[in-house]
Each structure stands twice: as C-alpha cells, then as structure tokens.
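Asker: Build the complex from these two chains, which are given one at a time in their own frames, with help from the hints.
Note that the protein sequences, when read in sequence, are chains R and C.
Quick note: the first sequence, position 272, residue 272 per full-length UniProt numbering, numbers continuous.
Quick note: the second sequence, position 90, residue 90 per full-length UniProt numbering, numbers continuous.
Careful, some of the hints might be misleading.
Below, in silico cross-link-like pairs of lysine to aspartate or glutamate (EDC-like), each with a Cα-Cα straight-line distance of 16 Å or less [unchecked claim]:
1. C:174 - R:47
2. C:107 - R:97
3. C:249 - C:213
4. R:231 - R:250
5. C:174 - R:97
6. R:276 - R:250
From the derived model, a few chain R residues whose C-beta atoms are all more than 12 Å from chain C [said to hold, decoys possible]:
7. 71
8. 72
9. 86
10. 103
11. 184
12. 273
13. 301
No lab work stands behind these hints, which were simulated from the structure alone.
Note that this is a predicted model, so its numbers are computed, not measured.
The beta-carbon is built from N, C-alpha and C at its ideal position, and this holds for glycine as well.
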Amino acid sequence: MSDDGHQYNDSNRAFLQAFMARGALNFKEARPILAAIFTVHGKQGAETAEEDVTEADMLSYVAAANNAISFFDLEIRSMPSQVDRTRIWALVNTTSDPMTQLATMHSADEISYLKRLLDAMFETYNTPRQEIMAITDMQAIKLHKNLSESQANNTQDGGMTQNSAGKGLTMADAERTLKSFVEEGWFERSRNGFFTLSPRALMELKQYLVTTYNGPGDEGEEEEERVERIKNCHACRELITVGQRCPTRECAVRIHDVCTQNLFRALRERNCPKCKAEWVGENYVGERAVTTTEAWLKGRRRSKGGARTSGAQQRSTQLADEEGAGEEEEEEE
Amino acid sequence: MPLVRKRRAVEETLSDEESEATLPQRRQKQSNILSRQQQRPPIDDDQDDDDKNSDEAALGGDTAADDGATQGDSGLTTNQLVKKLVRLALACEFSRQPVRRADISTKVLGSYGRRFKQVFEEAQKQLRGKFGMEMAELPIREKVTISQRRAAQRTDKAATTSKAYVLTSILPPKYRSVLPPPQVPTAYLESSYVGLYTFLISVICLSGGSIAEAKLERYLERTNADQYTPVDKTEKLLQRLCKEGYLVKIKDSSGGEELVEYMVGPRGKVEVGTVGVAGLVKGVYRESEVGNLDARIKRSMGLNGVGKKGRNKEEQRRQTGEAGSGTRNVPSQRRNMEEGEASGVSDDDE
Numbered sequence: 001m002s003d004d005g006h007q008y009n010d011s012n013r014a015f016l017q018a019f020m021a022r023g024a025l026n027f028k029e030a031r032p033i034l035a036a037i038f039t040v041h042g043k044q045g046a047e048t049a050e051e052d053v054t055e056a057d058m059l060s061y062v063a064a065a066n067n068a069i070s071f072f073d074l075e076i077r078s079m080p081s082q083v084d085r086t087r088i089w090a091l092v093n094t095t096s097d098p099m100t101q102l103a104t105m106h107s108a109d110e111i112s113y114l115k116r117l118l119d120a121m122f123e124t125y126n127t128p129r130q131e132i133m134a135i136t137d138m139q140a141i142k143l144h145k146n147l148s149e150s151q152a153n154n155t156q157d158g159g160m161t162q163n164s165a166g167k168g169l170t171m172a173d174a175e176r177t178l179k180s181f182v183e184e185g186w187f188e189r190s191r192n193g194f195f196t197l198s199p200r201a202l203m204e205l206k207q208y209l210v211t212t213y214n215g216p217g218d219e220g221e222e223e224e225e226r227v228e229r230i231k232n233c234h235a236c237r238e239l240i241t242v243g244q245r246c247p248t249r250e251c252a253v254r255i256h257d258v259c260t261q262n263l264f265r266a267l268r269e270r271n272c273p274k275c276k277a278e279w280v281g282e283n284y285v286g287e288r289a290v291t292t293t294e295a296w297l298k299g300r301r302r303s304k305g306g307a308r309t310s311g312a313q314q315r316s317t318q319l320a321d322e323e324g325a326g327e328e329e330e331e332e333e
Numbered sequence: 001m002p003l004v005r006k007r008r009a010v011e012e013t014l015s016d017e018e019s020e021a022t023l024p025q026r027r028q029k030q031s032n033i034l035s036r037q038q039q040r041p042p043i044d045d046d047q048d049d050d051d052k053n054s055d056e057a058a059l060g061g062d063t064a065a066d067d068g069a070t071q072g073d074s075g076l077t078t079n080q081l082v083k084k085l086v087r088l089a090l091a092c093e094f095s096r097q098p099v100r101r102a103d104i105s106t107k108v109l110g111s112y113g114r115r116f117k118q119v120f121e122e123a124q125k126q127l128r129g130k131f132g133m134e135m136a137e138l139p140i141r142e143k144v145t146i147s148q149r150r151a152a153q154r155t156d157k158a159a160t161t162s163k164a165y166v167l168t169s170i171l172p173p174k175y176r177s178v179l180p181p182p183q184v185p186t187a188y189l190e191s192s193y194v195g196l197y198t199f200l201i202s203v204i205c206l207s208g209g210s211i212a213e214a215k216l217e218r219y220l221e222r223t224n225a226d227q228y229t230p231v232d233k234t235e236k237l238l239q240r241l242c243k244e245g246y247l248v249k250i251k252d253s254s255g256g257e258e259l260v261e262y263m264v265g266p267r268g269k270v271e272v273g274t275v276g277v278a279g280l281v282k283g284v285y286r287e288s289e290v291g292n293l294d295a296r297i298k299r300s301m302g303l304n305g306v307g308k309k310g311r312n313k314e315e316q317r318r319q320t321g322e323a324g325s326g327t328r329n330v331p332s333q334r335r336n337m338e339e340g341e342a343s344g345v346s347d348d349d350e
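Next comes chain C alone, as it looks inside the complex (with noise of 0.2 Å):
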C-alpha cells in the first residue's frame, strides 16, 4: 500500500506560462503509453524468447527502440528493472525516505548499472501516466556554515546535484485539492502533520530562510505547541521533520558560541516550496482584505530584488524584521499583529 503525498510544489501559480507549455506535450506522451499499455501481452517469466516484443510495445517504439530493446536478452528486461524502480520509489515514499541513486544502484539495478539513465526516464514515464507522479530531484543542501563552505571548497568536484528523489503528484490543482488526506497512519495525525510542517516552513522562509531556535521556539509558544502538537511532543516532531527531510538544524560555532538555525529542508523545498507557502499565507490575509498580496508574498521571501520602485514602510518593516531576525528585535506592532494571525492558523490546522 504505497503513498505519495499531495503536495503542491508544482508551480502553479508563479510560472503558469512554463506548466502551461509542458503539460500537453506530457500528455501526448502519457496516452501514447496507455494506448500501447493496453495491447502489451501479459508479462510472464518466461519473457527471455518475447523479449523483444514485449519490451517495445510496452516502452514505446519512440524513446525505447535504444538499446535497451537489444540488451534484453542478456537476462532481466528493461521492463522489470522499470517496476522494480517503480516500487522501489513508492515503497521509500510510504516512510518519506528519498530515493537515492546509490538505492537505486544496488536494489534495482544491481549488475545492469550502465542502464540507469533509460530505466529511469521509462519509470519517470510510467509514474507519470500511470500514477500521475513523479519523481522529483531533491534540490543540494545548501553551504552555510563556513565549515561546510570550506569542506566544500577543498573537494575538486562539488556535487552539483543531489542524486536523490521524492516522488510529488503531478496531477493539476484542481485534483489535488479534492483527494483525502492520506490514512497513513491515520488521517487526522497525517492532516496535523502536512499542516504543522508547512506553518513551520511558512515561519522560516517569510523570515528571509532561516531562523534561529530561540526565535522558533517564540513561534511554538505563540501557537501553543511549544511543549506538545497533536503529532507528538514538539521536540520529537522536530527531529523527525529534519530526518525526513522538511527542516534542516544547522549548528554552527565558528563564531565562538554556538548558534542553532534552522532551514528548510530539501524535502520541504519540493513538497512546500514558495507556492505551498504562498498558500498558507493566502489562506491567512485573504486578497480582498490585503491589496497587492502576491507581489508582497514575492517580496517577503525575496523572490524579486529589492523593488526598484523605492521601499515603501510595508517593505523596510520586513527588510529591518529580517535583519533582526536572530537577536530578538522588538517586534513592530505590525508584525505583532501578523503573528497573531499566523497562530490562528495553526491552530485550525492541528
């Protein structure tokens, strides 16, 4: 019993023009694998004679008339690394592990590692069409500390991609928001869960993306969840949303003392992101009631530089909320007011 989350880090809103060109292209290509679907013979073990045939009508002549067709022969099919890949990334996804390349290297592929880049276009393909998913590459962590800026500056070659993968529902919008929340474990505490993270994570990037603990554990207080959530006790709630990927703690004593940080998280960059945070903040101030809310949006996580346009006082409150945002500054009444707000969120969500 597989799961992948409903998650809108697709972006939706924000590049609409970009998802508006892909999707019918993706499409096409989706039906072009279910109207072939629909005519494979059934897969059998004893495949080795057939190889050939069932590989491409199942793959499709276009992308899989490459080698993998050839190599058939030589023991498992393409096809069956496919599924294997397939289940290998549903079943991670249950327990919210990524799936790693290095995973995927020695589950899936074990001696076919030359294979990796076609069985994964093809599982891509499959996830897509048949499940309406896929996997999504989880983006590097990024350097913060100057010990990690140093550590990263004396390998020769930095990693440039993370080589792991969460699966995200590709489904348009309007889909996602009528499923149920997943029952794993149980609706209610996975309902509590997607909310806490993403008010979490909403707190972190609309205070420029990071935030010192105290400051956290201010939030916490202000929403009653300091000691406990409806999850679990708070601390453990943490420690889990860093395991599995939503939060980063970053501990850094370059400086003398040590300063505890936290960041999102990689999992919580795809599965939230801006567009998951622009939500909850939507959901939050109502357009009508704020004017011009998606530039502000835009603003507070600084997705466009500063304005050009000259700061008004909205802007320099959160430039100057910003800046002060690991030493506790007296907090404007504005922000008083916002925070206020925030907490009545969070409480509908737990």
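Here chain R stands alone, though its shape is the one from the complex (with noise of 0.2 Å):
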C-alpha cells in the first residue's frame, strides 16, 4: 500500500465517501476535496491548501480505497481522457450480479433505449469506412421506439408510441433521457451535436461493449476472423472512439491524437506502424469522421449551423464523393 506508516482511516473513508457520491473524479475535481479532508483530518489549525494536494496523494489514497473494495468487486479504475489525457477516475463496478442491477435510477426502457444507443454508436455509426462511434441528436431521438428487425428501415418519425408490442419511450422522454445521460456523466455531448461516452461509461461499460460488438458478427460465419468493431489505441493500449485512423482502410491502427506525437518522435517516421503506409492524420476516428468530410462542411456553410440533413443523407452523399462502394452498410441498419 501507498499510504506507508499511516493506517486506513477516517480520511480514506471519506474520501471514499466522496468518491461514491460522484462517481467519476479527475485529479483537478479531487484536489479541493482532498484538501477540505486533510484539513478536518490534520491537527488542529493545520490548513491544507488545495495547491498543496499533490497528485501523489491522490493516488496514494486511491490505492488505499482499491484496496479497501476490491473484496466486494468494486474498484476505482482510471483512464486519460482520449482528447486531452487528463486522467479520470471512475468508480466502478467489475461484476454484475442481481444484488447491484437495482442500483440503477433509470427505467427498464431507458436502459433498453441506452442499449438501443450503443448499438447505435458501436454497430449502425461504426463501419469500416466510417468509425463515427457516436450520434448525434436526430439519429439519438428518432431511436426512442422500440422497434423489431422487420419495423426498422421504417424511421419516419411521425407516429408517437402509438405502436403496441415494443413500447419504448416518446420522443420527448427519448430527448429527456438523453439529457439526462449526460447530466449524469454517462454521454458527452460534442458542439456539433454528437454524443459519445464519457470516460467514465467507456471504464464502467468497457468489458461490455468488447463482449458485446468484438464477439464474431453477425454473419460471421464468412468473416474467418472475429470482427473488431472497438479497437485500441496502438499506443497507449486504451479503447479508442476518438482519434486518427490509418489510411489504409483494412489496417487496423487506431491512435489517439495526444498518442500520435510520441508515438512518431518514438518511430521517427510517419508511417503506420504495421503496414507502413504514410500516416496523413487525416483520417479519423469519431466524430470528426463526418465533421471532415465535405458534405458536411458544405450543409454546415448552407445552414450555418442549423438544422442539418440528416446524418444519413450526409453519409451517403459523402460516399458519392469518396470512391463509394455501395451504401449498404451505411443507412439505418
């Protein structure tokens, strides 16, 4: 254990306390808390000033809670931020079991319609030519019903939740879940209007979405190998939504944009490191992966940023414009 000498006492407690009310922590949010706990913890007058928490600290007493906790399956797991690499931690929870399924606040059709959302992002918006891994807020809505396989190219959204068997919700509590994913820290929400999991999801969802898109697909019986829908940075070994892609459409690289710098001062060459193919930097991973193409930017200069086409018309004009091979796997389903 980190914390040497001292026992595990009131002050780790109530950091875990703290950090169980919030759920997910970056070192800049625990500093004041820290401090507020060292202050009531040292002797009498001993003021601890924010800035005198240091990041050591941080991890001591995050070391002293997993070690309190991973008895009972939970653990504090941390992650850098796929954009800026400040960390986050998170705490979270490694099994699920009938005992934690009712620490929940949400419905059982919000959580089928967050269900619906990752699909979304992970298998309907993640193809091979487009690994967008999120939705923006038209795709997000217009997935509030709950519908079977042979309703599904049927998207217009004019009927409300006047059909029987699915249920799922309206669209106005398919707006307000959404908000409220975000609120909760689950979904980050891009100023182009795209949704993404927040660190805090990818860490408590991780060992889910890998089980769940990376198994053998579908078909996946003419695919020989187990189709890779969520891959890892080649850097820093992290799951990726966020970042650069090889050119090269059937490489599987993946880097995050802060990994990209030390990862070619590291190679001294720009090239990827399997297939070694010029890495251009312009192929990307996420949003950007619409937000770059020229269809995008041409709707953008139209409407100036607002109401859009839908996303689907965008892609597939886009696919006109790349060396299109058919739109099948793009439109909705």
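Answerer: See below:
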C-alpha cells in the first residue's frame, strides 16, 4: 500500500464516500475534496491548501480505497481522457449480479433505450468506412421506439408511441433521457451535436462493449476472423473512440490524437507502425469522420449550424464523394 | 457506482457522551480488521481447500472463529455471503430502498438462512471499517390511526423491529461537512431534494410530529413550492418522499370525514432525525440572536417533557400552536415571523 505509515482511517473513508457520491473524478475535481479532508483530518489549525495536494496524494488514497473495496468487486479505475490525456478516475462495479442491478435511477425502458443507443454508436454508425462511434441528436431521438427488425427500415418519425408491442419511449422522453445521460456523466455532447461515451462510461462498460461488439459478427461465418468493432489505441492500448486511423482502410491501427506525437517521435517516421503507409493524420475515428467531410462542411456553410440534413443523407453524399462502394452498410441498419 | 447519503442522523450534540464512549471501541475494531485485511490472501474462486485460513484471516479471529469458519466447507463461505450483503446494501442505498431482511434471505443467504446474524455482523464490520458506513435499522411504523391500532392488537405477537435497514455514514461530523453532494442524478437535483425533505421534516417535527395536509400545503405555498419544486411537481415530490420513506401519509376516516396527515417516515427519522431538524433551526436562528436555542428546540420537538419551572410565554405559544395544528388556528404574530424565516431557508435550499 502506498499510504505507508498511516493506517486506513477516517480520511480514507471520507475519500471513498466522496468518490461514491461523485462516481467519477479527475485530479482537478478531487483536489479541493482532498484538501478539505486533509484539513479536517490533520492537526487542529493546520489547513491544507488546494495547491498542496499532489497527484501522489491522490494516487495513494485511490490505492488505499482500492485495497479496501476490491473484495466487494468494486474498483476505482483510471483512464486518460482520449482528448487531452487528463486522467479520470471512476468507481466501477466489476461484476454484474442481481444484487447491484437495483442500483440505477433509470427505468427498464430507459435502459433498453441506452442499449439501442450503444448499438447505434458501435454498429450502425461504426462501419469500416466511417468509424464515427457517436450519434447525433436526431439519430438518437429517432431510436426512441423499441423497433423490431421488421420495422427497422421505417424510421419516419411521424408516429409517436402508438405502436403496440415494443413500446419504448416517446420522443419527448427519449430527449429527456438523453439529457439525463449527459447530466449524469455517461455521455458527452460535442459542439457539433454528437453524443459520445464519456470516459467514465467507457471504463464502466468496457467489458460489456468488448464482449458485445467485438464478438464474432452476426454473419460471422463467412468472415473468418472475429469482428473488431472497437479497437485499442496502438500506442496506449486503451479503447479508442476518438482519434486517428490508418489511411489504409483494412489496417487496424488506431491512435489517439495525443498519442500520435509520442509514438511518431519514438518511431522517427510518420508511417503506420503496421502497414507502413504514410500517416497523413486526416483519417479519423469519432465524429470527425463525419465533420471533416466535404458534405458536412457544405451543409454547415449553407445552414450556418442550424437544422442540418439528416446524417444518413450526408453520409450517402459522402459515399459518392469518396470512392463509394455501395451504401448498403450505411443507411439505417 | 453505489453511494451513501451523508446525513447527520447519528446523534452528535444530543448524546455526546454516548458516542464518545462507543467511538474508540469502534476505531479499535476497525484497525483490527484492516491490519488483518492487508495480510489477507487474494480471494479466489477455488477457495475451498484453504477456506478456513482465508476466513480466519479476513474475518478476524476474535469474532469469526465460531461456526462460520468451520462451516465454510459446505459451499459458500461466510466471506462470500458478507460480500453479497455489502453489495446488496450499497445497491439498495443507491436507489433509496431499504435493505429488507426478506431480501437478505433470498438474495444473499439462500440456503444459509441460519447464518444471518453472523453474516450481518460481519458485513456491518466491513461497512464500518472500509466504507465508514453502517446499516441502521429503520424504526417500526407507528400505529397512528385507530384501525391500525386495532389491527396491531389483534395480532398476538407485534413486530418489535422493522427488519429493514438503511445505510448511514458513521464518519465524524467534521468529515461530512466537507464531502461534496452526491451526483446522482446530478449534484443540483440531489442537493435540492435533500434540502426540500429536510425542510419538510423540520416543519413536521416542529408541528408536533404530524401535520394536516392542508397545513402542509399552506407551508408549501408560503415557500412558493406548492405547485412546482426544483426536483419535480410538488405532488410527485410528495409521492416520492412517501415512497422512499421520508414521509408517511396517513389517511384516517374513522371519525367520519377523512383526515389526511403527514408524519415523518422511518427513513426520515434515521437520516434527518432530531439532529437534522435542530441543525436546520440553528441555521435559521443563529445561537447569538435567540438565547437558549438548544432547549427551545428540544421543547418544540417534545424531546423533554413539559418544563417544571412553569411555562413561559414562548412555551405556551408553542403548546397552543401544536394543539391547534390540525385546525388552522389563527397564528400569532411570532409564529408568522418564524414561518417567514423558515421560508427563507427553503428558498436557499431550492
């Protein structure tokens, strides 16, 4: 244990409770909390300023907490943000059992909506051509209904929830739920209106995502290798949903933006570490796979960020722009 | 991502001596657990062969050297049951459900029903030592209406305990004040909710333990919370409060017309309790401005019987106020002032 010398005491317990209350913290957020805990924990009158709290303090408290809770299948995991590398810690439940399935504020319908959103992010909008791994407002809200496969093509949003069997949410509910996912820190919404999974959600759902989406594909028999829809960064080995990809479409190398600098400095060349193609840095994973396309930019120029044409339409335009190879995988499902 | 609400239900001011006496003991126990914890071998699934060792190492020889460790060979070890119970408690608290004895039996113990006491005590120890929390038993529902009392009399053996528990923090108050509000679902909603129910419970406590619906509505109207609150529509808020056990709604039609009253629910008693109410009142009145505040609060909540030294005016006012709580008495001037100030608090809370 790194908090050598002193025993696990009330300050550790307070830190753990703070963590449970917040779910996820980065160092900046944890600092004032730790400073306050140190202040009340320390000798009378000795105040700990926020600036005196070091990352080593935080690490030692996280380690102590982990040591205490690992027995209960809980863990504080950390992961650097994919964008700016600031580390984020999150309290994660490492096993799912009937015990802990109570621990949600969401209804079953909302959870099934979340599943549809994840499917959309990692299947519908995550194709070999465009690994968006994000979903726009419009696309997300359209998923409000619990559609069976047969109805899947009929995504006209005219009907509310008059359909009988699958139920699902009303569009208003879907919008509200989506907002609450963002407020609770599961999703992040970008300026361009794309929802992505937050680092906290990635940490908590990592296992689920990998087993669900990286398993053998639906028609996996003909594709001999297993489908790897969610890839790891070639440099840091963490999941990647925002970053850059190798210009060669078949090549599986993906690298976070921030990781590229270090990696290519070490390699002394800006080539893909695997297929040696030149790394242009203009092929993206994440929403930029859409927003850097000519079609998107054109749409923006036209409408000044207002109502956009639907994503599907843009993608199909873009398919034509690129050397389009059939749109079968792109359109909704 | 479980969580526990930091509340101040542990009596801090009113029974200082008691907590002083128990705390050091508790500390002692915790450090015992922990020192052993560090030597504990990693928990594997193939524990069967070294069951006895790991049980004793993790549970602490002093208490758990009894039957649990020796029964371990029969399948699930006590350790695993403890783990399940702790996880259940954390999960229930997350959605503000009490942990019921029946749930523990079916979800945790299964066929090991006889080990409840041992598992429960060990889980308490782990919760205290590692999380700084413990399960507090909810008080049983009071039998208020005549029909309830009659029903209670008919049953031969009245339940003496509620057999339902909620998690509370046992950290010393100085730590609780620095913890951030829980972000479930968001820090704003959660703190509004805590503020609102603390206010409502205070109003009920200070009205003598129960309040007529009409009167509560009037308080809500004064605080501009009669239609809508930051959390939800007032109607839904009250429903949620009743569901989660902060309040109890009592309908009594025995006297002919239906009387609807609100009382403090079991969770409200545990989480807020008299200490929470006293805290809120102190926050409003400040010790310096109103002398003898502690005594007055106690008196208002009926904590010590009618004062022997003859009633002063203040007390009389309280008494009459309480007696008339159901009938919309014309409030005295002083009372008005108080309510005004109380509404100030709730505005802050919102």
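Asker: For each hint, tell me whether it holds in the structure or not.
Answerer: Going down the list of hints, with the structure as the test:
The suggested pairing of residue 174 of chain C with residue 47 of chain R holds, with an alpha-carbon distance near 14 Å, which does not exceed 16 Å. Note on residue 107 of chain C and residue 97 of chain R: the hinted pairing holds, with a Cα-Cα distance of about 10 Å set against a maximum of 16 Å. Only pairs whose Cα atoms come within 16 Å are accepted, and residue 249 of chain C paired with residue 213 of chain C is accepted, the gap being roughly 9 Å. A distance of roughly 13 Å separates the Cα atoms of residue 231 of chain R and residue 250 of chain R; the hinted pair therefore holds under the 16 Å criterion.
In summary, the hint linking residue 174 of chain C to residue 97 of chain R is not supported, as the alpha carbons are separated by about 35 Å, beyond the 16 Å threshold. Between residue 276 of chain R and residue 250 of chain R the CA atoms are separated by roughly 13 Å; this keeps the pair inside 16 Å, and the hint holds. Distance to chain C contradicts residue 71 of chain R as a non-interface residue, since its nearest Cβ pair spans about 6 Å, not more than 12 Å. Not every beta carbon of chain C lies more than 12 Å from that of residue 72 of chain R, the smallest distance being close to 5 Å; the non-interface claim is violated.
At roughly 18 Å from the closest C-beta of chain C, the C-beta of residue 86 of chain R stays outside 12 Å, upholding its exclusion from the interface. Look at residue 103 of chain R: its CB is around 4 Å from the nearest CB on chain C, not clear of 12 Å, so calling it non-interface is violated. Separation of residue 184 of chain R from chain C is inadequate, the least Cβ-Cβ distance of about 5 Å not exceeding the 12 Å criterion. Listed as a non-interface residue, residue 273 of chain R keeps its Cβ farther than 12 Å from every Cβ of chain C; the least gap is roughly 36 Å.
Residue placement check: residue 301 of chain R keeps its beta carbon more than 12 Å from all beta carbons of chain C (closest about 36 Å).
Hint compliance for this structure: hints 5, 7, 8, 10 and 11 are broken, all remaining hints hold.
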